[in-house]
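Asks: Starting from the given sequences, assemble the full structure and let the hints guide the process.
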Amino acid sequence: MSRRLAVLALLGLVLPAAELPGLRAPVRVVWDSSGIPHIFAENDADAAAVLGYLHARDRFFQMDLLRRQAGGTAAELLGPGALEADIRARTLGLRRAAAASLAVHEPAVTALLEAYARGVNAWLGDGRNPLPPEYRRLELSRAAVPQWSPTDSLTVAKALAFQLSFDAELDIALTLGLAAAEQAGRNAGFDGTALFIEDLMGSAPFDPTVSIPSLLPARPSRIRPRPELAGRAPRLTEHLRPETLELARRWLEQSARNPLFEGTLGKPAASNWWVLSGRLTATGFPMLASDPHLSLSTPPIWYEAHLIVSADPARGAMNVAGVTLPGTPGVVLGCNQRLCWGATMNPLDVTDVYQERLIVDFSTLTPVATIFEDRAEPVTVVTQRYRVNRPGSGAEDDLVQANVGPFEGGLTIIVPRRNNGPIISAEVRGLFTVTGLSVQYAGWGPTREPQALLEFARAGNVVEFWDALRWFSFGSQNWACADADGNIAYFTSG
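For the sequence shown, the residue numbers in the working numbering are 94 to 587.
Hint data in this document are derived by calculation from the structure and do not stem from the laboratory.
Any given hint could be a false lead.
As the list claims (entries may be wrong) - Label pairs and their computed distance ranges (CB to CB):
#1 E466 x L224: 50 to 58 Å
#2 R478 x P226: 28 to 36 Å
#3 A363 x P393: 17 to 25 Å
Each residue gets a CB set at the ideal place from its N, CA and C atoms; glycine is no exception.
Replies: In structure tokens:
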């Protein structure tokens with residue numbers, strides 16, 4: 094069934110109506126003087142569909158690029174220069190994690206994701222809506238643009254959470270630093286492990302009795318190297334093979350060119366919020382300010398919107414405003430009529446990198462197992478196929494198959510024991526074994542963050558917000574919330 098979507102401006106100017114398949118009732122959109130859309134719908138699914146339509150109308154190239162960069166198909170859009178990043182993205186597997194997550198969502202959440210996708214595809218499928226100009230420059234027609242899907246929405250959402258929490262580069266950088274310090278200790282006759290862990294990475298006040306003492310004047314060091322100690326000092330990296338450290342260095346260099354790590358890899362990150370209880374304000378209402386400090390981009394990461402649902406059959410009324418993420422339904426940070434919430438990054442250790450030994454069947458050039466506690470454990474192997482756009486060839490939709498070898502990205506090797514984490518880097522050493530690095534990360538498994546956003550939108554107090562956070566399984570955030578009764582709260586999520 095299709096219903097008319099009446100699109101109105103603030104001053105009453107009526108713009109052409111649009112046909113959206115699947116709407117259960119008419120939906121009205123009003124833009125205020127700041128250009129923010131206010132969507133009036135009778136149910137959640139219709140509101141999600143119209144939000145998808147508006148996101149596509151205003152931000153479709155951004156959405157398409159995000160899903161492709163996270164899913165590993167950006168070269169089909171941008172050309173050969175994006176192929177290396179596609180290989181890394183396929184290896185990491187955010188789209189695999191999104192597909193696994195879709196399978197565990199409640200039917201109500203899946204229905205919202207499907208409604209949102211219908212809205213996006215209604216805009217995309219209407220030939221009266223010209224594609225963004227970037228497609229013309231890339232020599233791509235509408236036929237080369239895939240339809241939007243619920244998995245696309247989850248992939249985009251997981252990409253943002255990944256950028257805010259994935260910390261494999263920190264594990265690798267610290268391990269490389271420790272190995273260098275231990276090698277220097279062996280060469281110069283000091284305990285390199287203690288130098289790195291206690292001196293370089295230690296955290297302690299200058300004086301144990303005060304938190305901010307005056308710095309003591311510098312004196313010449315009386316410490317002299319004692320070579321006999323170096324031989325007895327524990328080496329935390331002695332179990333690492335030389336090729337493992339080289340793989341780690343190479344992965345860091347490659348990741349620096351990956352758009353998924355843009356603005357985060359090797360750079361300090363921070364954000365802030367503050368919240369004040371209603372007991373301390375003149376009005377009796379709490380105050381909250383939140384600044385996530387996300388990367389500046391054009392267009393911006395966020396898309397501000399206001400969703401008003403009069404009477405959803407399953408969940409009742411909803412009135413929520415804030416920032417949405419183009420490509421996904423729902424308000425990420427914002428306010429409803431009784432509650433406001435904000436978030437900042439929370440640098441939890443949610444990623445671990447492992448040295449692996451892989452057994453390879455060289456008759457097929459396929460890894461078949463890893464060695465764990467002297468036993469062979471089967472791995473999962475995913476065959477990858479890459480296509481590359483050739484803009485500038487003069488031919489429309491000129492996509493060709495890329496020739497990528499099995500150990501260059503043609504095969505993705507998944508280690509079930511590592512939360513279905515991938516081998517991110519590998520090198521053949523010896524006749525039948527390969528050294529590799531695997532990554533275990535909280536975000537690889539099926540998670541249900543959209544359920545949390547759906548419940549945030551109707552939470553009536555800080556306790557209900559806390560209850561909704563049980564669905565926010567990864568993304569490592571500090572949450573602040575304040576309700577209309579003057580209460581404030583601070584929570585964390587993994």
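Asks: Would you mind marking each hint as holding or not holding in the structure?
Replies: Right, here's what the structure says about each hint:
no.	hint	verdict
1	E466 x L224: 50 to 58 Å	54 Å, holds
2	R478 x P226: 28 to 36 Å	29 Å, holds
3	A363 x P393: 17 to 25 Å	19 Å, holds
Of the numbered hints listed earlier, not one is contradicted by the structure.
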